[in-house]
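S.K.: If you're matching them up, the sequences are chains A and B in order. Each position in the first sequence, counted from 1, maps to that position plus 79 in my numbering. Each position in the second sequence, counted from 1, maps to that position plus 12 in my numbering.
Honestly, the hints are just simulated from the structure, not real lab data. Here the structure is a predicted model, which is why all the values come from computation and not from measurement. Watch out, some of these pointers could steer you wrong.
[Said to hold, decoys possible] In silico DSS-like cross-links for lysine-lysine, where the CA-CA straight-line distance does not exceed 27 Å:
1. B/Lys181 to A/Lys202
2. A/Lys242 to B/Lys380
3. A/Lys734 to A/Lys888
4. B/Lys539 to A/Lys180
5. A/Lys320 to A/Lys256
6. A/Lys235 to B/Lys381
7. A/Lys336 to B/Lys425
8. A/Lys666 to A/Lys634
[Stated by the list, open to error] Partner residues are not named here, just some residues of chain B that face chain A (Cβ under 10 Å, in silico):
9. Asn178
10. Leu180
11. Asn378
12. Lys537
13. Ala630
All residues carry an ideal CB built from backbone N, CA and C; glycine is no exception.
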Amino acid sequence: MSDKNFIEQDVLKKLRHYLPAQATLKDFVHHNSLHSFQNKEFFDGIFSASKIFGFHVTFNVYNYRKLHKQGRIKKNILDRTIINSKGAHNLDSYLDKMLHKEYDHKYNPRVGQLRKHWKSRYKIDLDNLVQPILFRILASFLDQGIALWHFPFEEKGLLGAIKILEENSFSSFFNSKRTKELLHSEDLSIEKLLEILVGDSKYFENYLFDQQYGHKGWSGLMSVIEENPDTIFYKKNVQFKDLIILELLLEIDSLDKVLGKSWDPLAKGLSIKPVDYLSEVKHGELQEILQLWQEAFEWDYYDDVLAGVGFLAKTRKKESPKNVSFQAMFCVDDRECSYRRHLESIDNKCVTLGAPGFYGAAIYFKPFGGKFYDKNCPVAVTPTHIIKEVEIQQVRKHEIYHHNKTHSLLQGALSSFSIGLLAGLKMTIDLARPKMQADISNAFAHMDVNGKLLIENKGNNEIENGLPVGYQVHEMVDVVESLLVGIGLTDDFADIVYVVAHGSSSANNPHHGAHDCGACSGRPGAVNARVFSYMANHSTVRERLIERGVIIPEKTQFIGAMHDTASDDIAFYDEDILYKENLKAHKINVQNFESALDINAKERARRFASINIKKDLKKIRNEIKKRSVSYFEPRPELGHGTNALCHIGSREKIKGLFLDRRAFLQSYNWEKDPEGEVLAQVLGPLPGVCGGINLEYYFSRMDMEKMGAGTKLPHNVTGLIGVTNSSDGDIRTGLPLQMIENHDPVRLLMMIEHKPEVILKIIKASKSIYDWFDKGWIHLISISPEDNNLYLFEKGEFKLYVPENEVLKSDDINVIIEEGVEMKTNHILDATLENIPTIVYPN
Amino acid sequence: MSYLLYALLLSPLFALVVGFGLSNENEKGIFYVSFLSAIVNYGVLLIVSFLWFKGGFEPIFIQGPVLFHTGHADFAISFLIDGYSLSYLFTATFLTAIIIVFSKNYIHREKGYKRFFNNIKFFYLGLVLVLMSGNLETLFLGWEILGVTSFFLIGFYRDRYLPVKNALKVVSLYRVADISILLGIWLSHHYFGYSINFNDIEGIYSEHHHLLSDDIYFYLIPGLFLLAAMVKSAQFPFSSWLPRAMEGPTTSSSIFYGSLSAHIGVFLLIRIAPLWEGNYWFHFIIGGVGLMTVIVSSSIAKVQSSIKTQIAYSSLAQIGLMFIEVSFGLYGLAILHFVGNAMLRTHQLLISPSILSYKIHDQFFNFKKPQKQGYKTFYEKLKLTVYVLSIKEFNLDTFMYNYLWNPLKKMGKLIDRLSFRTTMTTFGTVFLIGLYGVYFKDLVPDLIKHYVSEMFALFSLILILKAFVNRESAIIAWSYLIISQLLLSLCFGYNEVFDFSQVHIFLSGILVSGIVGLLILNNLKNKGQTLDLNDFHGLVHDYPKHAFIFVIACLGISGFPITPTFIGEDLMLGHVHENQFILLAFLTVNLILDGLVVYRIYARLFLGLHKSDLHDFAYRSS
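Chain A on its own, in the form it takes in the complex (with noise of 0.2 Å):
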C-alpha cells in the first residue's frame, strides 16, 4: 500500500465497479450479475465472487449428487469430465471425492467482515438503527411519482437538499449537535467522516465495502443513475457519493445517541488485520470439485443437443427451398424457437429466419405526444436516429384505483364511499374475465397498430436532442443491406417477407421489461419491424441495392409484425400497402401464423400448472391469453427460463432438431462469406444479448435470494424505480424466483456453422468477444461445413467434439411434447426433469 491508504476516488470507482448494474426496472436489461468478475476466467471469476461476497454461484455438492443419482448427470460424462481435466489416473480418488467425501459449506464471505465488530463490542445494531431512515429518505428522494409529496430541493442534490431542509425546519433527521455541525462544515468528506467512525485510514475501503454491500441494491441504484440519468424521468441530481456521507453522519448520530460520547472508532484495538477484500481468492479442494461437478452438469445437456447437431450436420443435405410461400424474419429469441418450428411444420413452404430484434434500426422511439424517448435497440448499441409517431388512433385509458388522489384524506374518502363500495364488482370481475385493461402492460401498446410512423427524412434534416429524425435514403441502404446479407437472404426473395418483431404482455408485473425484446433494451420491437419494413419496401433504396448485389424483385413486400410471447396474439403493420395479390396469399399466411400459434399455446401451456393440455387448442389458446392480462398469475410467460444454446448458421441445418425453447437462433450462410467478413459482423451484438441473458438467469437460479429477487409475491413498487420487500427493505436486483424456476443453470453454448479457422480468425480479432470466449463464459462450437465435424473451443484452439451419447429420436414430437411431465416442486431436482430433452423428428 502506498503511504496514503484511502484515495476517496479509487475507493469509490472500485465501489461502483462491485455494485449491481441494474438500472430502474422501466429499464430492465438483462446483462451479467457478475460483470465485475468477467476480466477473470469463469470459475476463478464465480467462485472469487462467491468468497468475496458470499453469492451461491454453483449448487451445493449434495444437489449435484442427487442430480447425478436421479439420472440428470449421467456416469460416462462424469468420468469424461474428471479425465479432461485430471487425467485419467486420478479418476478413482476424484469420482470419490465428488460423490462422498463430506466438505464443509460455512457461510463465510469476506464482506461484513469488519463492520460486524461494531454489534460485537458495543451490543449495537447499526444496521437497524441506520437503515430504516435511510432507505426511507433514498426512496423519497429518487421517487418518481408515488408519493404525493414530493421530496424538496431535488436538484441541489441528496446533500444538498438535506441541509436546505436541516437549516430550514424545525425538525431534523438528526439526533446529536455534533453530526448536525459535521453535516454542515465546510470539509465535509468521506474521509473526514470515516476518521470518526473507524479512526484508522488502512480499514477505510473495507468498511465502505461493509457498509454499501449491506444494501447492495440502493447503493447500486444510486451509482447507475448517476451513470446514467436518463434512466429516470423525473430528473434528481443523484450522486452515489452523497448517499456515502449521508449514511456515515446517520452512523455518527445514532452511535452518539445510544452510547452518547463514549465510543471509540471501529479500528482502535481492533484484532484483526486490514485485508484486502479484493485480492486474489485461492481456490480449495471444494471448488475444484464444484467445478467438476458444474461442468458435469452441463456437458450432460450440451452433449445430448451437440448428438443432435452432429447427426443432423451428417444426414442433413442443404437444399435451396422451391416455391417459398413466404418468409419470415424473428428475433433471435429462444421463445421464437417454437413459434418457428410451429410454422414452419404447418406451410412447410414458408422459411423462417433469425436476427436480433431491432433489425439493424439502432433508433431512439417517441410515440405521439410522448415527452421522452425509448430505446429500441441493444443496449451496447447507440441509437443513430429518431423515430417518431405522428398519428394514432387509440386513445389512453386510465386506471382509476391508481389514482394518488385516493390516497388524501378527503377524496379517500369520497373514494371509499363510490369507487370503493364498486371495487368488490370489479376484483370479481376481474376474478372470473380477465381482461386488457388500462394498467396491465400491453405489448401493443407501445406503438398504435394502426398509427403513422415519420420513418423517412425527406430532406428538411430535422434534428431533435441532436440527433436526425428519421433516416436519409443512404442510412436505409445501409440498414437493409447489412442485415438481409447477415441472414444470408440476398437472392431468392419470396412475394411476402415478414419482419416479426416480439413483445410481451403481462399483469402486475413490475418486471414486464425482462419479458420483451432483450435485443430492444427490454421493450417491444414493433416499430423497429415497421421501420425496417420500411426501408426494404422503399424504392429508392432497393434501386441502391441493386448496386450492392442485393436485388429484391418488384413484386417482394416486406411486412413488420409483432408477436406477444405472453398472450400468444400477432398483429401485423401497414398491411394497406400489399399488392392485391400479396393480400390473397398473405390472408392465407395469416391463418398459418394463427394455426401455428395455437400449438405454440399448448407446447408452451405444459409448464403452466393452471391448463390442461389435453384440451381443445382454441381453448388453451385462450386461457394463454387470459394468463397475461390475469393480476394473479405471477407467471404470465415464463420469459428466457432455460436457455441454454445459440445457433448461428442456416435453419436448414437445424430443422428437425427439437430444442424445447432453448435456443437463440441466428441465421447466417456462410456459403456466401468465405472469409468470415459477415460473421463478425453477425457475430457482434450476441455474446452480449444472448449471454447477458443466459448469465443473469444462471446467477439468480444459483442464489436467489442474494443475486436473484427472490419470490415476487411479497414485493412493494418503491419509487417507480425498483421493487423491495416490506416497508424498510433494500431494492431487490436480478430476476424473482416466478422467473427462474425452470431453468437449468448451465452457461451458453453458441454453435457456428463455419470452419474452426475462420471462427478463430474472427473471434481473436476482437478482444471483448474473443474474452467471452476464451475465459468460459460462453462454450463454443464450430460447426464445420467441411467436413461436418464439430469443433470444441477450448485453451485457444479448435478441437474436435465427438458426441458420447446416442441420438434420440421420435417420429411425433408433438405427442412427446403433450406427454412431457410437469414439475412437481421448484426445487432443481424436480424442475430440471420438466425439460425435454434433445429430439431428431421427421420433418
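Please arrange chain B on chain A, whose structure you already have, making use of the hints.
M.R.: Chain B in isolation, oriented as in the chain A frame:
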C-alpha cells in the same frame, strides 16, 4: 338458528383441519377445501341475514356452552348477530373468498402454499369468532387467534430477517391489546359482578347493575377496550406497525392489513358502545384519537414513496375518520365507510405491482415536474417541518421501543447479575416453600399474609424480566419462564381462599407446555445446535417438526386458547381484587412479557437466516 352460527365456525375449522392433512404439493385440494368453506359460509350468512330480516332486524342472541362456571362469573361462549356484525361478516367472507381464489394461482409453487392457506383459514376463523361474539370472553378467544395468525402471516417468509423482525414487532404490540382486553374483562367482572353479554349491555351503567361505585371504572373499563381497539386498528400513536405488517405475499397483506384486521378496532368500539356512550368524555377521547390519526397518518401517507406503505397510511387515515364517526354515534356510517375502505384498499393492494408500468407509461406522456417548494417564509418552514416529520413517521416506529420495551429491558438488565444457578435454586426453593404454604395456609404468619400475593407476583415478574433480557441460552430463558409462571400460580393461590382446581387448570397447560418445550430445546441441543438468543438461527428449515411442536408449546404457555391455561388465566384474574392495584400492575406486565418472551424465543431459534451455506438466503437488508 344456533346451528347456523356454529356452521359459520365449523366450516373454516373443518377446512383448517382437512388442510393440515394435505401435502404442500396438493395445491388443488388445499384450494378447493378453502374455497368451499368460504362459499359455505357465504351461503349460511345469506340464510342468517334472511332470518334476521324476517325477525324484523332484531339482534339474534345465542347462548352457547358454559366452559367454566364459578360463583359470580361464567366463562361461556355466546353469539350475537346484528346489522353491524352481519355487514362485517359479509365483507370479511367476501374478501376472504376473493383472496382464496386470487391466491390459487398467485401462491402457486410457493414453499409455504399449504401454510399460507391454513393461516388464512385460521385468521378467518378468528375473525368470525370476534364478529359473532356475544360476550367479551368469546370475543377474546377470536382476538387471540387474530394475533397468533398475524405473527405467522407477517413472518410468512420466515428465512428473511425483516419479516421475522416485523412479525415480532407487531405481535409484541398485539400482546398489549390482548392483555388490555383481558384486564377489561376482569374489571367488568368485578364491576358488574357477572359476565357481560352484548345483548343486554344497553343501559348497563344504570344504578342497580353494578357492584362498585368508584367513578374510575367508568373510565377504566372502556379505556382498556379503547386501548385494545387503538392498537389493533393502528391508531395514533401505534400507527407504524401497519405498513410493517405488509411482509407476506401481497394477497394476505391486502386483505388483512389492508382491510379486515386493521378495521377491527372500529367494530370493537361499536360492539361495546354502551360501555362508553354514557361517558361524555369518551366521545372526545375517541374522536380525538381518530383526529390525531387522521392528521398524522394523512401527512405520512402524503410522503410515502412505496405503494404498499402509502396504501397502509391512507387506509389508516380513513380508519381514523371512522373513529371520529363512531365518536359521533354514527355507527351505520362508520360500518359503510369500513366496507368501502376495506374493498378499496384490498383492491388497490392487489393491483399494486401494476402501478409501476401504469404510472411510468402515464409519465411518459404527461410528466410535469412538480412545483418547487420554498423555504423562506414561516409557513414554508412549517411545511418543511411536517415533511421531515412525516418522512420520520413522527418517530412513531421508535416510540414503542423507547417508551415501553426499553425501560423493561433496562429493568431486566439491573437484575441480570443473578446467575442462572443462583436464580434457579433461590426461586425454586421459594416456590417449594410457597407451595407448601398454599396447602397449609394456617402456617403462614398473619403479618405477611396480606403481602404474600404481591411478593410472589414480584418474584414472578423478576424471573420473567430475566427471561426477557436473557440472550445466552434459550433453555435458560425458557426455564425462567416456567418458574415465573409457577410462582404466578402461587400468587393467585395466596390471594384468596378458593378452589384449588382453578390453580390446577392454570398450571396444567403451563406445566405440560413447559416440559414439552424443554424437551424440544434439549433435543436440539443434543443435536449440536447452539441455542443462544443473540441471533436468529433459522432452524425451521432443518427441524420443521421440532418447530411445529415448539410453537404449540409456546402457544400453550402464553395462554393461547388451546390449553386450559387460557381459561385459567381468566379465572385466576377473577380472584384479584379490584383494589389490588400493585398486584394488578405486576400481573399485567407479567402477562405481556410472557407472550413477548415466548415469541422471541421461537423467532430467534426457528426463524431468520440459516447458519449453514446450504440454503439460499437473502442479505439481511433485503
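S.K.: Let me make sure I understand: some of the numbered hints might not hold for this structure. Which ones are they, in numerical order?
M.R.: As far as the earlier hints go, 10 and 12 are violated by this structure, in ascending order.
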